[in-house]
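Enquirer: Chain by chain, the residues:
Protein chains: 2
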Amino acid sequence: MTADDSDWAEVDRALERTLEFPSFPEAIAFVNRLAEVAERESHHPDIAISYRQVTVRWTTHSAGGITDRDRALADKTNRLIGP
Amino acid sequence: MTADDSDWAEVDRALERTLEFPSFPEAIAFVNRLAEVAERESHHPDIAISYRQVTVRWTTHSAGGITDRDRALADKTNRLIGP
Chain A
1 MTADDSDWAE
11 VDRALERTLE
21 FPSFPEAIAF
31 VNRLAEVAER
41 ESHHPDIAIS
51 YRQVTVRWTT
61 HSAGGITDRD
71 RALADKTNRL
81 IGP
Chain B
1 MTADDSDWAE
11 VDRALERTLE
21 FPSFPEAIAF
31 VNRLAEVAER
41 ESHHPDIAIS
51 YRQVTVRWTT
61 HSAGGITDRD
71 RALADKTNRL
81 IGP
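Residue numbers (the numbering used here), protein chains in the order written: chain A, 1 to 83; chain B, 1 to 83.
Because the hints were derived from the structure by calculation, they are not lab data. For each residue, glycine too, the CB sits at the ideal point set by N, CA and C. Take every hint as true, because none was put in to throw you off.
Now the in silico label distances, taken between C-beta atoms and shown as ranges:
id, chain 1, residue 1, chain 2, residue 2, range
1, A, 71, B, 64, 34 to 44 Å
2, B, 65, A, 52, 13 to 23 Å
3, A, 39, B, 75, 27 to 37 Å
4, B, 20, A, 41, 16 to 26 Å
5, B, 18, A, 64, 18 to 28 Å
6, B, 52, A, 10, 21 to 31 Å
7, A, 42, B, 20, 17 to 27 Å
One chain only, chain A, in its complex shape (with noise of 0.2 Å):
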């Protein structure tokens, strides 16, 4: 899979990009990286998990929108990708 910034759309104020992995372990497992980044960082996104798919929108409430900081949890997300 590849991954750069295009991936990402502009969806109800949110960055959003739908992630599809070869096996359902496999996209649980790219959940778990993210989550632990979105911990370390205290910016969780939202995480939608349906089978082999996962979507991640990053959007920050307090400021009603994407914020750089989405900007670079997203650029960060794309890194996550791979095995």
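Fit chain B to the given chain A structure using the hints.
Expert: Using the frame of chain A, we list chain B on its own:
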């Protein structure tokens, strides 16, 4: 958190329940327990994580709605809530 069947609502032909955990890591730990059951049973719920809240949706796409299997797995989900 207590759990019984009445905690599940039928929403768009799925059994849906939203759970709130004391922390984000505890929410993620629950998702991992749920994912383990789902993979073992070869039946995967939709899962939405929003900080400390996790929404679980059981449905059988091939049947176009809720089956006894979904009801059984909703019951198993209840038993995964505790720490």
